[in-house]
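*Asks:* Going down the list, the protein sequences come from chains P and S.
Those letters in the first sequence? Residues 1 to 318, by UniProt numbering.
Those letters in the second sequence? Residues 1 to 300, by UniProt numbering.
Hints listed in this document are in silico derivations from the structure and should not be mistaken for laboratory results.
You may find that some hints are simply not true.
Stated by the list, open to error - Lysine-lysine pairs mimicking PhoX-like chemistry, simulated, CA-CA at most 25 Å apart:
no., chain 1, residue 1, chain 2, residue 2
1, P, Lys107, S, Lys287
2, S, Lys287, P, Lys14
3, P, Lys14, S, Lys196
4, S, Lys196, S, Lys215
5, P, Lys14, P, Lys107
6, P, Lys109, S, Lys287
7, S, Lys28, P, Lys194
8, P, Lys109, P, Lys194
9, P, Lys107, P, Lys194
Stated by the list, open to error - Just the calculated beta-carbon pair ranges, DEER-fashion:
no., chain 1, residue 1, chain 2, residue 2, range
10, S, Ala29, P, Pro217, 20 to 30 Å
11, P, Phe208, S, Ala81, 31 to 41 Å
12, S, Gln242, P, Thr142, 29 to 39 Å
13, S, Gly201, P, Gln281, 48 to 58 Å
14, P, Tyr46, S, Ala42, 52 to 62 Å
15, P, Phe208, S, Ala29, 13 to 23 Å
16, S, Phe123, P, Asp203, 49 to 59 Å
17, S, Glu193, P, Pro168, 53 to 63 Å
18, S, Val281, P, Tyr39, 30 to 40 Å
19, S, Gln242, P, Phe208, 51 to 61 Å
20, S, Gly101, P, Gly141, 54 to 64 Å
21, P, Ala156, S, Gly101, 36 to 46 Å
22, S, Thr86, P, Gln72, 56 to 66 Å
23, S, Phe123, P, Tyr197, 42 to 52 Å
Ideal placement from N, C-alpha and C gives every residue a C-beta, glycine not left out.
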Amino acid sequence: MATTTTTAPALRRKRLRERLRTLGFLSPWLVGFTVFFGYPLVATVYFSFMHYNQIKAPTFVGLRNWRYVLEQMPLFGPALWNTLWLVVVMVALRVVFGLGIGLLITKIKSGAGFFRTAFYLPYLAPPVAATVAFVFLLNPGTGPVNDMLGKVGIDAPNWFNDPAWAKPSLVLLSLWGIGDLMVIFMAALLDVPKEQYEAAELDGAGAFTKFRYVTWPSITPIVMFAVVTGVVQTMQYYTQALVAGKLASGVSIGPGTVIEPGYPDHSTLTVPQLVYSLGFQNFNTGAACVLSLVLFAIAMAVTTLLMRRRAGLLSADD
Amino acid sequence: MTTTTLSAPSAPVRPASRRSPAPAARRKAVLHWIAVHAVAVAAALFFVLPFVFVFLTSVMSDSQAMSGELWPDGWHWSNYAEVFNTPGFLDWWRNSLIYAGLGTAFTLISSLPVAYALAKFRFRGRRTAMILVISTMMLPPQVVVVPMYLVWAQQFHLSGSLWPLIIPMAFGDAYSIFLLRQFLLTIPREYLESAKVDGCGELRTLLRIIVPMAKPGIAAVALFQFFYCWNDYFGPQIYAAQNPGAWTLSYGLESFKSAHSVNWNLTMAATLLVMAPVIIVFFFAQKAFVEGVTLTGVKG
Chain P
1 MATTTTTAPA
11 LRRKRLRERL
21 RTLGFLSPWL
31 VGFTVFFGYP
41 LVATVYFSFM
51 HYNQIKAPTF
61 VGLRNWRYVL
71 EQMPLFGPAL
81 WNTLWLVVVM
91 VALRVVFGLG
101 IGLLITKIKS
111 GAGFFRTAFY
121 LPYLAPPVAA
131 TVAFVFLLNP
141 GTGPVNDMLG
151 KVGIDAPNWF
161 NDPAWAKPSL
171 VLLSLWGIGD
181 LMVIFMAALL
191 DVPKEQYEAA
201 ELDGAGAFTK
211 FRYVTWPSIT
221 PIVMFAVVTG
231 VVQTMQYYTQ
241 ALVAGKLASG
251 VSIGPGTVIE
261 PGYPDHSTLT
271 VPQLVYSLGF
281 QNFNTGAACV
291 LSLVLFAIAM
301 AVTTLLMRRR
311 AGLLSADD
Chain S
1 MTTTTLSAPS
11 APVRPASRRS
21 PAPAARRKAV
31 LHWIAVHAVA
41 VAAALFFVLP
51 FVFVFLTSVM
61 SDSQAMSGEL
71 WPDGWHWSNY
81 AEVFNTPGFL
91 DWWRNSLIYA
101 GLGTAFTLIS
111 SLPVAYALAK
121 FRFRGRRTAM
131 ILVISTMMLP
141 PQVVVVPMYL
151 VWAQQFHLSG
161 SLWPLIIPMA
171 FGDAYSIFLL
181 RQFLLTIPRE
191 YLESAKVDGC
201 GELRTLLRII
211 VPMAKPGIAA
221 VALFQFFYCW
231 NDYFGPQIYA
241 AQNPGAWTLS
251 YGLESFKSAH
261 SVNWNLTMAA
271 TLLVMAPVII
281 VFFFAQKAFV
291 EGVTLTGVKG
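When you get a sec, could you build the whole thing from the sequences and use the hints?
*Replies:* Structure below.
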C-alpha cells in the first residue's frame, strides 16, 4: 500500500483529511439539525418570554406567558389530562392487544397468510381516512355499528359524540391499526428458542407457566421498546383526535373558521392541538411557545428513558 | 395473495400423524385448532369489516347512505366519478404525489451519507451525534413548529405551499438516518476494507458497494417516508391551509366531509380513494415493508 508513510506531518494530514471526510458526510444533517431544530428551539424559548401577535414587533413580558399557561389558561388542565389519559390507556391496551394478536398469529395453522394480511392492513390506512371511516361507522344516528347493536338489543353509546366515550373510541381506532406492533411481536415470539418450550413441556408446564417463564423473559426488551415508542407517539397524538372532534361536531368549516377544539366538551383536546390552537388560531405566540416547551420537557424525559440500553436503541459500542 | 403474504414463517405444524397419538390427545389438538381459528376469524372481522362497510356505503345512493342500512340497493359507481369531479380533488392528488415523491427522494439522498458515517466511521462525538439523532426523532413536531412557521412565512413568504415541508427533507431526516444506520450496521466491515484496498474513495464505496447491498433497507425507509408524507395532516395544515390549491389528499379529505356533510356515500368513496394508493403500494412491496417494521424494533 502506498499511503503507509508514518512521518508525523503525513499522519496529521491523514487525520485532518479523515475529519473533513466525516464532516462532509454528516453535513446535511449538521445543517438540518442547526437550522430546523437548534434555531427554532432557541426561538421558542425566546418567544416564551415575549408578547407577540405575529403582526406587531414582540415585546418582553417576563414570566407572564408562563403564568398564564400554567395557572390561568382553562384549557391547559383538560389538554394535559387527555394527553396523559391517552398515554396510559392507549399505550397499555395497544401493547396488550398487539401481544395478543401476535400470539394468535403464531398459533394459526390454516390460512395464516390471509389472517396476517387482514390484521396488518388497517395499520396502513392513512390516519385521516381511518378516522373519517370510524366517525362514520360509529355515528350514533346512521352508522352501521349502532344499527347492528340496536338490532341485537344493545343500548349503544354515542361514541365520538359523548364526552365519556370519545377517548375510548379513539382507543378503539388505535387498536384497529395494531399492525405495526403485531409484526414486531410476531418476530419476537418466533425468536423464542423452541427447545425451551419443549423442555418446559417435559416438566409438565401449562400454557400460562410457559408464557410466564419462557416467552415473557425473552420478549421483555421488545415489550419495553413498544411501550416507550408508544408513549412517544401518543404524546404527539394530534390528527385522529382533531379530525374525530371536528367531524363528530358536525360543524361545517370553511377555511379559516375557528371552532372550539376538542369536541365534545374538550374531551379530545390534546396538548399538541392546544399548541396549534394557541399559535395558529389565537396568534398567542408566547403561550404557544410555553406549551411547546412543556411538551418538550416531557418528551425529553421519556427520551432519556429510551437511551437506556434496555429499550435497545443504542447498543454498547455506540 | 394468501401464501406470499408477510414473510415471517408460520409456526411449524406438529407432525402429529407420525406417532399416531392417543385419541384423547388428538381430540385436544382438534379442539385447540378450532378455538384458535374461531378467535382468528373474530379478530379478522374486527379488522376487515370497517373496510367492507366503508366500501358498501361508498356505492349507496345519497338517501340510502343516510339510512343506516348495510347493503346497497343499487351499485352507484358514479359516486366515484363524482368524487373525482369535485373541484380540487385532482389537485390534492397531485400535491400528495409531489410532497411524498420529492420528500422521499430528498430524504434518501441526504440521509444516506449521514447514516453511513454514523454506522461505519469512527470519530469523536459519534455517540453524541447518535443521541441527538434519536432525540430529534422522538420529539413531537409541535415543539418547534411556531418559530419555524414564522421563518417560512415572514422571511421566505412560502406559507400557502408545501415547500416548507419538502425543503427540510433535503437536510436529513432523523428517523430515516436512524433506520438506515441500523441496516448499514449489518453489512460486514470487510466489504468496505476490500473496497478501500481497491482504491475506492468513501463516496464511491457508498454508491458502488453499500447502496446495492443496502437495497432492502433503503426500500423500507423510502416506503416509510412516502407513507409519512402521504399521511401527514399536521404539516399541510400549518403551511397549506390558507391555499386550497396546495392541499394534499390527507388534508383535503377532512374538508371534503365538511363540504358534503350529509353525503356519507361520497365521503366514503373519497376515503377509499385516499387509502387505495397506500394499500396498493403495500401489496407490491410487502417484504420491504415488514423488513422495515422489524428493523425499527428488533435489531437493537
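*Asks:* All the hints need checking, so say for each whether the structure fits it.
*Replies:* Against the structure, the hints come out as follows:
1. P:Lys107 <-> S:Lys287: Status holds; Cα separation ~21 Å.
2. S:Lys287 <-> P:Lys14: violated (42 Å)
3. P:Lys14 <-> S:Lys196: Holds, at roughly 15 Å.
4. S:Lys196 <-> S:Lys215: holds (21 Å)
5. P:Lys14 <-> P:Lys107: violated (57 Å)
6. P:Lys109 <-> S:Lys287: Satisfied, since the Cα-Cα distance of roughly 21 Å is no more than 25 Å.
7. S:Lys28 <-> P:Lys194: Satisfied, since the Cα-Cα distance of roughly 21 Å is no more than 25 Å.
8. P:Lys109 <-> P:Lys194: This hinted pair holds, its Cα atoms lying about 17 Å apart.
9. P:Lys107 <-> P:Lys194: Within the cut-off at roughly 14 Å; holds.
10. S:Ala29 <-> P:Pro217: 20 to 30 Å: This hint holds: roughly 27 Å between Cβ atoms.
11. P:Phe208 <-> S:Ala81: 31 to 41 Å: violated (56 Å)
12. S:Gln242 <-> P:Thr142: 29 to 39 Å: Once the Cβ atoms are compared, 33 Å apart, the range 29 to 39 Å for threonine 142 (chain P) and glutamine 242 (chain S) holds.
13. S:Gly201 <-> P:Gln281: 48 to 58 Å: Roughly 52 Å apart at Cβ, these two residues keep to the hinted range, so it holds.
14. P:Tyr46 <-> S:Ala42: 52 to 62 Å: holds (55 Å)
15. P:Phe208 <-> S:Ala29: 13 to 23 Å: With Cβ atoms ~19 Å apart, the hint holds.
16. S:Phe123 <-> P:Asp203: 49 to 59 Å: At 51 Å between Cβs, range holds.
17. S:Glu193 <-> P:Pro168: 53 to 63 Å: With Cβ atoms ~56 Å apart, the hint holds.
18. S:Val281 <-> P:Tyr39: 30 to 40 Å: Holds: the Cβ-Cβ distance is about 35 Å, inside 30 to 40 Å.
19. S:Gln242 <-> P:Phe208: 51 to 61 Å: This hint holds: roughly 58 Å between Cβ atoms.
20. S:Gly101 <-> P:Gly141: 54 to 64 Å: violated (40 Å)
21. P:Ala156 <-> S:Gly101: 36 to 46 Å: Given a distance of about 43 Å, which is inside 36 to 46 Å, the answer is holds.
22. S:Thr86 <-> P:Gln72: 56 to 66 Å: violated (44 Å)
23. S:Phe123 <-> P:Tyr197: 42 to 52 Å: For phenylalanine 123 (chain S) and tyrosine 197 (chain P) the Cβ distance comes to about 45 Å; the hint holds.
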